[in-house]
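Student: Top line first, the protein sequences correspond to chains B and L.
This note's numbering runs 351 ahead of the 1-based position in the first sequence.
Note that this note's numbering numbers the second sequence so that position 119 is 116, with each residue one more than the last.
Since the hints were made in silico from the structure, they are not lab data.
C-beta atoms are modelled at their ideal positions from N, C-alpha and C, and glycine is treated no differently.
Please note: incorrect hints may appear among the correct ones.
[To be verified] Which residues of chain L face chain B? A partial, calculated answer using Cβ under 7 Å:
#1 A4
#2 D9
#3 A10
#4 T34
#5 R35
#6 T37
#7 L55
#8 L179
#9 S182
#10 R221
[Unchecked claim] Derived lysine-lysine pairs resembling DSS-like cross-links, with alpha carbons at most 25 Å apart:
#11 L:K50 - B:K374
#12 B:K403 - L:K180
#13 L:K180 - B:K760
[What the hints assert, rightly or not] Per the computed footprint, the stretches of chain L lying under chain B, defined by three or more beta-carbons under 8 Å from a beta-carbon of chain B, are:
#14 107 to 121
#15 132 to 143
#16 165 to 178
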Amino acid sequence: MSATFLGLPATAAAGVGNLRGDKPFPVAARIALADTQLRRNIGHATETIRAKRAAVVAELPDWEELRRAGEAIKADTMARLEPLLVQLEERVTAAGGTVHWARDANETNAIVTGIARAAGADEVVKVKSMATQEIGLNEALERAGITAHETDLAELIVQLGDDKPSHILVPAIHRNRAEIREIFLRAMPDVRADLTDDPAQLAEAARRYLRRKFLSATVAVSGANFAVAETGTVVVVESEGNGRMCLTLPEVLITVMGIEKLVPTFADLEVFLQLLPRSSTGERMNPYTSMWTGVRAGDGPREFHLVLLDNGRTAVLADEVGRPALHCIRCSACLNVCPVYERVGGHAYGSVYPGPIGAVLTPQLTGVSQNPSLPFASTLCGACYDVCPVRIDIPSILVHLRAEATRAKGGGVERGAFAAVAWAFGSPGRFAAAQRLLRLGRLLERRRGRIATLPWPLSRWTAARDLPRPPRQSLRRWWARR
Amino acid sequence: MRVALFATCLVDALFPDAGRATVSLLERLGVEVVLPTRQTCCGQMHVNSGYPKQALPLIRRHVAAFEPYDAVVAPSGSCVGSARHQHAAIARRLGDHALERRARDLSERTYELSEFLVDVLGVTDVGASFPHRVTLHPTCHSLRLLRVGDRPLLLLREVRGIDLVELPQAEECCGFGGTFALKNSDVSTAMLSDKLRHILSTRAEVVTAGDVSCLMHIDGGLTRLRTGTRALHLAEILACAGRQ
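Construct the complete structure from the given sequences, taking the supplied hints into account.
Tutor: Dropping the structure here:
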């Protein structure tokens, strides 16, 4: 990791992976808003998780201190990421694992494909992982003739439905159980024909389907929630036990981990293993926490590979204001409270990282010019910052990235309009003159006292809302005559 | 006590009634109010839309206009939020450290109206009378940037004759978000429709808030649909002095 950067660190590789949508956010959002089933599904799911989270967070008297501790540990990690990663490599290697350094999606996909091929595998089982979704690993394996089987229930629903994840924690949050039944009947071989949408029946069908995969696969691919530099231990937390199966049964285990998933010491996990389950699933503890350090003869995989993925992360690290986006522990609490996410779902963001954290992380990973609409996909209401377990000030980063987006765009009508408004606000005299000009707006509406139609771009306002008729007298004029 | 009214550009140009109500309320409580005429806009719209450099002269103007006063009061949680959380940071990022210091000093004596009434003047009963059914939208920036908490409710509860009803999902954003309402007008409208649904479910005649920007958005929907519910700034309710 002693690379010398010439200029700025590279952003995420283009043309591969799932960080770039094909439509700007407002367009994709408009399509999503019209999907009444999606709005009902997501509205119901986020409301349920929000309430669960609020209840278990309220139980802890030291929640704010935990958040501050989480923030401090992550800030410290980012400040010395390079030596800590080298320490992790040493410890993993000493414990019998192999560490690979990957600059981007293409390098990672090539490394994983190479290991699977060397193991003679034509299929792999996967633990739910954001990093591998980010880099499009399944598609890369497919091209190499290797089938990847998602084993997390929600990821399986997405995969069988030939769909994309729409939530970090609950990738199939946009589906209800009737839709899941249809997907299973269509895509799951040997599924019982009288399958109902009873959750227990759906889970049983998935369990039978997956059990065969667990027993036949020789290679597993996972992500990592945390990796401990001090010990070389990798941690995966999950709810279903599918992860435990993947991490213990196959002969070869490959973990793809974003370089920011690091924590310095084992004791640091004490903080995050409290913050994460309460913030994500609204549970006091997650059902399964798997930790492993390298390999052990006669127990678990005989080969362990850890792929450290950059894919734009060092570019984020280089930005003082945007850097805390790397502190994210992928809990999804910000998605569940976001009024924008709740109405449009995850697909509108065009990235595997949707919602508020996606709106600050994705444009930084790809470079803002490739996702210029995402920093504007927020009202800056601040609900995300309040629930973030590591106190990422998402609204401030959004505002920072907006400045980058407008700078990248250069001139244009909007910049001109803002310059004109700034000029008008530049002196009280000009502002008073602008107010007199505004009074002409009174002519637009003389009957109802409300303006209902205006030309573009204000038509975007008046399409659904009135504007008040400008007053006869501004406040400063009233004051002057008082 | 001499207090400068930080009117905000929106109140000055479009909603002078909220500004006049703030003046009359404060004067009734024995405060000497001044409207510094050098003020124009705090620059929040420029900062939040991605034009911090254009905002810098506005921040400079704001600080110079209000620096001479003991306290600054605004009928807006959002604009006070801008002064408190953005001005110094923008000045620092753009390299004006003197302005950064001055902006920070000024922000420490800049108050949103309900903060000023409850914390500085120490009153919750401002002698108002408003015999109507009212619900409060607490506004995102008052809640989450300023942490005004239940101060607006403390004030409203003391108003004579008021029938104050709780707004369901009150803490959720109305969908305004400044230029968000234009750039993402569809999402903004979807959020507004849910906010209106909650407001109308209370059967209130009036929805109130500490920010005219949110109210402009909410009222825009209420009047478009001829709902028979109107939006009024908190100051306009508190300024209504009835016989006691």
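Student: Of the hints given before, which are not true for this structure?
Tutor: 11, 12 and 14
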